[in-house]
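Undergrad: Spelled out from the first residue to the last, the chains are:
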Amino acid sequence: MTVLEFELHRSLLPAAASSAQRAARSAAAETRMTCRGVDVHYGAKQAVDGVNLDIRSHEVLAFIGPSGCGKSTLLRCLNRMNDNIEGCRVSGDIRLDGQDIHDAAMDVVPLRSRVGMVFQKPNPFPKSIYDNVALGPRLHGMVKTKAETDAVVEDALIKAGLWEEVKDRLLQPGTGLSGGQQQRLCIARTLAVQPEIILMDEPCSALDPIATAWIEQLIEQLSAEVSIVIVTHSMQQAARVSHRTAFFHLGRLVELGSTSQVFTKPQEALTERYITGLFG
Amino acid sequence: MSSQPKHIVHSYDEELAEVRRQVGTMGELVATQLEKLMDAVVREDSAVAFGITKREAWVNQLEVEADTQIFVLLAKRCPVAGDLRLVMAASKIVTHLERAGDEVAKAANVLLEQFQCESGSIPADSRDAILETGRRAYGVLREAIGAFTATDFALARRLIGSRGSSHSELEGSMRRIMESVAVGPKPLNDAVNLILILKVLDRLNDLAVEIAKDVLFLAEEPAAAPG
Ligand SMILES: Nc1ncnc2c1ncn2[C@@H]1O[C@H](COP(=O)(O)OP(=O)(O)OP(=O)(O)O)[C@@H](O)[C@H]1O
Ligand SMILES: [Mg+2]
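Chains A and B, in that order, give the protein sequences. To convert a position in the first sequence, counted from 1, into my numbering, add 3. To convert a position in the second sequence, counted from 1, into my numbering, add 118.
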């Protein structure tokens with residue numbers, strides 16, 4: 004095969020090339036966030052127990068594990084959402100690009116725009132589609148003029164794959180969209196403030212397979228620019244979208260490995276039992 | 119004695135057990151075919167050899183059934199980890215068994231041809247050489263299937279390790295066949311037929327070892343449960 008033929012051959016296989024590129028990028032990826040010895044208590048009850056974990060640039064990291072194992076709690080640690088929960092106490096060291104997120108110098112508002120969150124139930128503000136997206140950039144002083152705001156809104160909606168569906172009704176309420184559209188609106192809202200890391204807590208659990216596929220496609224695209232941590236109860240979803248998978252049990256991180264390894268040859272018997280649905 | 123962990127969904131356990139059972143049945147049939155082939159060689163019996171060629175259709179039928187079961191299970195259950203390895207191993211073994219079935223039928227056809235030709239029989243020394251190779255292949259095949267149904271990784275490893283020695287034995291057997299047919303009425307014809315059969319039997323030994331390797335594919339077990 005000549006070089007030209009090879010190139011032609013490769014150009015006909017965009018999916019193969021892009022997944023190879025992704026793998027190469029993931030191998031060269033640097034660490035964005037680190038968790039060391041993270042414990043979380045709700046009153047006397049411990050929900051997260053001594054978790055050590057890194058989040059790499061451009062990766063999709065899936066959190067899996069049985070209900071109540073602390074996935075959402077740990078996820079909320081990453082942008083200090085637990086600060087708002089009464090009785091919740093977080094200890095341990097969590098850093099974003101080397102900076103301690105609990106440091107006095109770290110302002111929680113910019114932290115939450117750098118580390119954005121998408122929730123299980125789409126929760127648009129009771130405002131127009133436009134305002135849902137524009138609110139964040141305005142709040143963070145990222146836009147000054149109407150033209151700038153328009154551009155940011157359009158860009159975020161395009162990236163979230165919603166623009167074509169809503170461009171003619173931007174001033175209608177966001178709550179009037181379908182569930183899948185609302186979830187993409189919430190993703191657009193998160194994207195509008197140009198996050199570096201996006202946390203997603205069961206983002207597809209209320210969506211049908213088509214809407215789910217759109218979100219999964221979006222996750223794949225977004226990982227070119229941001230890191231994504233996704234909590235999911237769907238083993239197949241974790242297998243489909245993530246590069247690495249972390250399995251939690253009773254607040255502990257049991258196993259963290261490449262998704263292909265975890266779903267073919269898990270290292271720990273507990274992981275095997277959970278993902279295959281074994282008991283006894 | 120600790121019982122095997124079960125799936126929360128019972129019907130999933132049943133479907134996986136069904137795949138195991140189908141592989142066992144197919145293995146049983148192919149081994150029986152090989153046994154009959156040895157029988158046809160010993161008794162120089164065309165009817166037995168012909169029966170083998172007829173039963174080849176059953177082997178193919180079982181392959182289709184097992185493949186379909188595996189295909190549907192993959193689509194419905196999306197197995198992962200140990201379940202995925204079991205299903206993949208079963209699928210590989212089914213493919214190897216189907217080839218083994220083909221090979222036995224091929225040997226049976228050659229045998230029929232040999233019985234029909236002028237000499238019509240097999241010189242004693244050739245027969246012994248063929249039976250030796252055939253019985254060895256039969257033993258390995260049975261054990262390989264047993265290693266799968268009993269999930270016996272030590273046995274699978276032993277079968278894979280045992281393969282090295284038999285190649286030199288094959289050369290010895292070929293020499294014995296050449297020498298024993300040389301004095302007969304149709305040396306060239308007999309040599310071609312009998313060596314073909316010998317080669318098929320040796321190939322069956324290889325396929326049985328491949329099946330043992332498929333069993334080891336299943337062996338990538340997780341570490342013991344903590345606590
Ligand atoms: N606000 C809270 N107050 C008290 N306990 C809480 C609170 N939130 C969570 N917990 C407890 O902490 C533990 C971990 O909960 P968390 O919501 O993080 O689990 P999860 O893995 O996300 O579960 P699920 O898969 O059901 O969403 C659970 O035992 C839960 O009951
Ligand atoms: Mg949760």
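Keep in mind that a hint or two might mislead.
To be verified - Some chain B residues close to chain A (C-beta under 10 Å, calculated; not the full set):
1. Lys124
2. Val127
3. Val177
4. Gln179
5. Lys194
6. Cys196
7. Pro197
8. Val198
9. Gly200
10. Asp201
11. Leu202
12. Cys235
13. Gly238
14. Pro241
Read the hints as simulated data drawn from the structure, not as lab findings. Think of the CB as a built atom: it goes at the ideal place given N, C-alpha and C, for glycine as much as any other residue.
Undergrad: Run every hint past the structure and note whether it holds.
TA: A quick look at each hint next to the structure:
1. Lys124: Because about 5 Å separates lysine 124 of chain B from the closest Cβ in chain A, which is inside the 10 Å limit, the hint holds.
2. Val127: 6 Å, holds
3. Val177: Constraint on valine 177 of chain B not satisfied, violated at 30 Å.
4. Gln179: 31 Å, violated
5. Lys194: 12 Å, violated
6. Cys196: The hint holds - cysteine 196 of chain B has a Cβ within 10 Å of chain A, the shortest such distance being about 6 Å.
7. Pro197: 7 Å, holds
8. Val198: 5 Å, holds
9. Gly200: 6 Å, holds
10. Asp201: Holds: closest Cβ of chain A sits about 5 Å from aspartate 201 of chain B, inside 10 Å.
11. Leu202: Because about 6 Å separates leucine 202 of chain B from the closest Cβ in chain A, which is inside the 10 Å limit, the hint holds.
12. Cys235: 49 Å, violated
13. Gly238: 54 Å, violated
14. Pro241: 52 Å, violated
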